[in-house]
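Chains as they are written, first to last, in the working numbering: chain Y, 1 to 1042; chain B, 1 to 235; chain Z, 1 to 124.
Rather than coming from a laboratory, the hints here were simulated on the basis of the structure. Treat the hints with care, since some could be wrong.
[To be verified] Quick list of in silico lysine to any residue cross-link-like pairs, SDA-like style, CA-CA up to 25 angstroms:
#, chain 1, residue 1, chain 2, residue 2
1, Y, 539, Y, 360
2, B, 195, Z, 69
3, Z, 123, Y, 1015
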Amino acid sequence: MVSPIYIIAILLGMAFMLGLLSKSGTRIAGILTSVSLALPVYISISWFIQILSGNADAITIFTAGSVPPFSINLVMGLEEAFFTSAINILGLLGFIYLSADLKKQGVRAMALYLVLIMGLNVVVMTRDIFNLFVFMEIVTIAVAGLIYLKNDNQSKEAGFKYLVAVGIISLFFLIGIGFFYFYGGTLNIDGFIAANSVVVKGATIAIFFIIISIILELKPFPANGWALDVYQAATPGVSALISSGTATASIFVLYKLLPLGSEIWLQILTVVGAVTFLGSNFLGISQKNTNRLLGYSSIGQVGLLMMVIGFMPQLGSAFKMIFFSVFISHFLAKAGLFWLSGIVKKESITDWGILRGSNIALFLFGIFLFALVGFPPFPSFYGKWQMVMELAGTGRFIWIVIILLGSFFEGLYLFRWLGYAIKGEKSNEEKLQIPWDKIVPPFIFGISLFIAAYYANSMSVYGNTINLIPLVFILLLFVIDFLPAYIKNTITIGAMVYYAVNLYPSISDDTLRVVFAAIFLIGGILTMIAGYSVKGKRKGFFPFAVMMYFGLIGLIEAENLFQFFFAWELMTLGSYILIIRGKFSMKHAFNYMLFSLGGAYLIFLGIAMSSFGNTSLDIGIIGLSTMPGWSYTLLAIGFLTKTAALGLHIWLPGAHAEAESDVSPMVSGILLKGGVFGLIVLFLAMGGEQAASHPLLYSLGWLGAITALGGNLLAVFQEDAKRLLAYSSVANLGYILFALAFMTNIGWLSALTYSINHFLFKTLLFLAIGGVVLRVKTHNMYEMGGLIKQMPWSFIAVLIGIITLAGIPPLSGYAGKWLFYNAVITKGWYFQGVLVFFAGTIAFLYCFKLIYSVFLGQPKDRFRKVKEAPIWYLIPQFILIIGIMIFSARPDLVLKPIGALLTQSSYFPSDSLSWENVTASTNLGYWSGYKIMLVIGVMFAVLLVWLMYMSRKTQKVKQFNIVYAGERPFTPETTHFSHNMFSHYYKALGFLSAPLATRFWNITNDITHRIADGSKRLYTGNGQTYLAVIMAYIIIIYLIMF
Amino acid sequence: MLRNSLRVIIIAALGWILFQVYSGYSSRDELNELAGYYATEGLSEVGAANLVTSVVVTYRGLDTLGEVTILFLTALIIGLMLKAEHRGDRTRLRESSEFLVTASHVLLPVIFMVGVYIFINGHLTPGGGFQGGAILASTLILMLLSFTNSKISHKVLEITESVSGISFIVLGILGVILAGGFLDNKILPLGEFGKLFSAGAIPVIYSFIGLKVGAELSTIILEFNQIQGTDDKSL
Amino acid sequence: MTNLFSIEYITIFTSFALLVLGLWGIISQKNIFKIIISFSIVNTSIHLLLVSLAYIRNRTAPIIDSAVDRVNAAEKVVDPVPHALVLTAIVIGIGITALMLSYAFTMYKQHKTLDINQYKSLKW
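Okay, chain Y solo, but in the shape it has when bound:
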């Protein structure tokens, strides 16, 4: 093993040596520099591996042939080896990335770079406080030099601000060192700790100056204006170094020096970190400049790391894992993002559409963002989970709220950015230039994220309960993304069938789970069949579709809350990408993500509160929560964002309507059931029947009823067929919520019937309408019309769909209704029941509109030659129709076992449905799907025959056998009956459909942005003000301390 002292010798020796090379020797210098950067990588990594595997102990490197405290010593232990490895790898890759810029400046710039990396290494390893100061100054000066590399006005300004700010901070550090030595009698950190010199009052002041300087170096909010300017103005390659390199060293220094001070520093650090994490991310939400935005995010992440360090005693043995996962995500992702920003070269995040020019860059961009926000399976997900759980264990909920709120803000701006990259405008002339030396570093960091994810997973307490094979499968789908769509589609369907077959035995005794698993997997397979109609490669579709379905299935399979949340986040992420693929989906997908993130964090908080005082994380502990009111409410609101309860629904219509034709059924018919399943889990944990009088349920019942009414009202006035269906989904989910909130046996049975029905008919309708839209290229119903001749199969599908939707006998929608009214009467929620009944009537209106406007009436000229929807769309539709038929005729096949399960379980023992063959009865009456089917079938046949008999002599009128009076209207469609079809109702009921919720959220959004924008003005750009803020910061912390 090579002594770590050679890291210094090699880097510094080479830096000095480069001075001997002539100015033209940049080529040789480049090679020499790369080699001398590679050697430290080898040295530090070999130490890390050896120490980690136990083959070597931490070593102390003595200098000057003497021992500390007399001479300076360096330590290479596990932590040092880890951090130096990180720094050296960053150093090597960063050099490859920057080499073109550095070569332009000549050999000297490379020497500068070498010294920077050397300085960072010593800062990590040294155990002498003054030595630390010297090498921190080296780093400062080297960074100031690198900032200048860009050599424009902004970088000069930023460099000067940086130099003065850090200069002042380091002077305070020096004052601290003076007193450190004066009172402690040593400059050795370990010696000082051992002597416990803080007991003396003077040493406290020394430590105050020392630690406050390090904190200020970490750019705490709001004393960080200089740092933001640097991030913005420097070359992205240099910003990457600052963000990932120097921040890494500084955070380690803080960790190293904290034992010098008393416990109170931990608390201060927590506050400082929290303020920074929250403040920085909040201000980030109204930032458009790419590098400055990354600066805000960087500072925020460092704030989070400070919080982690501050909570060291509370986190206990989990500290290492939490720190590792939060740190490594920030380290890899931030450097990667800065590097990508250097490739894209766009100042504003709104111009990032150009990134689509490269698949690999877009892929890397995505994973870096997901890693930062903390989506599974990336390390920060594990870290944040563990941290929140540990904090919850000690009841620190305010801190959890801060962490989640900060993460939410961060997610907000990162996803807006991602939206611009995936969907933003992009001019065709511009091509993304990606030289290999610019893409290799971020690529390696991207891959490392997965490796780090693996380690975070294995270090995490619950990590081993996660099934990683599907994740590997998703990754594999990325690798084979170059294949044509139909191959990937087949592979995906095959995998889902395989999964379903394997899953069934393990859940077969739990009918409830089987039902949802069937919705998710069979629904998944059916919708994937429609995907065969897509030509080409369909890049990036399959991995995320699988991710969503895997997430959904994960909800069912979850045994503990960790797995549940993991699956929930996967589902969110996958569905977000699916939704944003639609042509005009950018804004809607963003809204979806906004609500999903917010909902997910509420769920997270709810889980955290439930876990308080409980030792396990089994799903059942929700019911044992010591703060049931909070836990239940938070979880319920979280799940309701997914089921789009009125008020939280505004993301849904756009997201569902603008998605691709075969994605709409996925996210509507299937995905929404994820939220329903969440509610089921919650309600069961609350205790089933026994909790029936819980006030939360009462309000949820109302909410469900109002949602049903509101959703249907909004649906009626839509001209857009897919939006109509989307609003109808809102209403249907309202029914389900209402029925679940009964918390009675029959109520739940009806809720489940509704869920199954909604899955069947909404998937059917979206597929059918999707097929139509695919052919006629418009969503507006009044532009369609008379399509029955061109698309008879689609017509039949829609007809069956709306009959089911409207709950007209004989189809299964009626079953739901029958159960539902039974439940309402038993429960006695008459008033709400009336609302829902009224809502049901309104549904007739839009059902009629849907079928009439699209398929009946006068065919339009331009659609005379449209073909029937693709066969791949029709196949799943008719499978679904068969499903509806079976479920209508023999509801007992499904409902009996569910009923049995509900009755037998301890949750809903009373008032069950009794079955006699196909006939179900309650004490209010009886019903048999089979008989109704028969009766209605006969009636229908008789009427049909009669109608045909009566109409045999009718004469067909040519379509244009009418004369318009007066002028020809410019948009003839709008004069048609089906345009603004229900305007008379609108006069009466329109006020109810005012977009109150949308207005509310818009105003909230607006205010938030204004506040963020206003607070940002704190950073006036005046370097002097920044210095004054730094001084004020010192004073404030002093006042807090003493």
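Keeping the supplied structure of chain Y fixed, place chains B and Z upon it in accordance with the hints.
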């Protein structure tokens, strides 16, 4: 007005904090353990009569390495920054007076020798590599003042700087190989206390430091000198 | 109270006074050069502080010569360590100041002004 009063408050508060520190201070009348060690054991261990030198060059040799690195960096960055500003014709500077030129001829070698003396004797008398190096660099200032239009080669300075820098590191590494650790001065015999050839490698190291510091400060001065006259006179 | 007029008290007080003065200059002067000079004042004040902390009354410089014996050096000399630190700190100070000056120069070349209020192209 508000800004000004805020500033006053900030400074007053800082002053108040510092006053707290000041009132907490009381002078000491004993060397602490560490300094005591340097003053007793250190004398025989390192063999330098100048205790500060033994601390600077040996015990805290790594700091000193960092320190010369800082000067190296500064010279390098200033070179990078000002290189871009060298463009354009330099106005020809006025010739210096006869007095200055004549005196320089006499003084330059003397000052140079004093500089060398100071860093060679750094382990015995007040002074050392930094002080000596600074004096060396001052000869350059005198040269620039008296021979205003002479050309001074960067190359010589760069080579001096690099060679002494590398030698410094090589000596440090030799310490790891031959003696007790990085920058150990005992790679050479300690010699007789108080003599020129004593204290092991200290005089050698200090000489290299002297040369390096001299070269680096000279480079900085040269860089600043070269931008002179490229802009208006108000600067 | 006699202590207060002893040299180390005076120098420490002076150094703090200089420190405050320098900080005031840094946040109130508009001219970039004056800010750099204020920075230098702060820097120097801290050097003065370090040397003062090393001082022990009635003792001399830590160099063995005719005035100080090898044998009883520990009773005769002031603390050598802060002196070594100051040496290093001075050099670092020079480096940073020189760098600030060259930054100031290049900034001036661009904008022809040294007023720090004119350098606000980066903000928010």
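Check your understanding: Does the alpha-carbon distance linking residue 539 of chain Y and residue 360 of chain Y stay inside the 25 angstroms limit?
Key -> 12 angstroms, holds
Check your understanding: Is residue 195 of chain B close enough to residue 69 of chain Z, meaning Cα to Cα at most 25 angstroms?
Key -> This hinted pair holds, its Cα atoms lying about 15 angstroms apart.
Review point. Does the alpha-carbon distance linking residue 123 of chain Z and residue 1015 of chain Y stay inside the 25 angstroms limit?
Key: 12 angstroms, holds
Comparing the model with each earlier hint shows no violations; every hint is respected.
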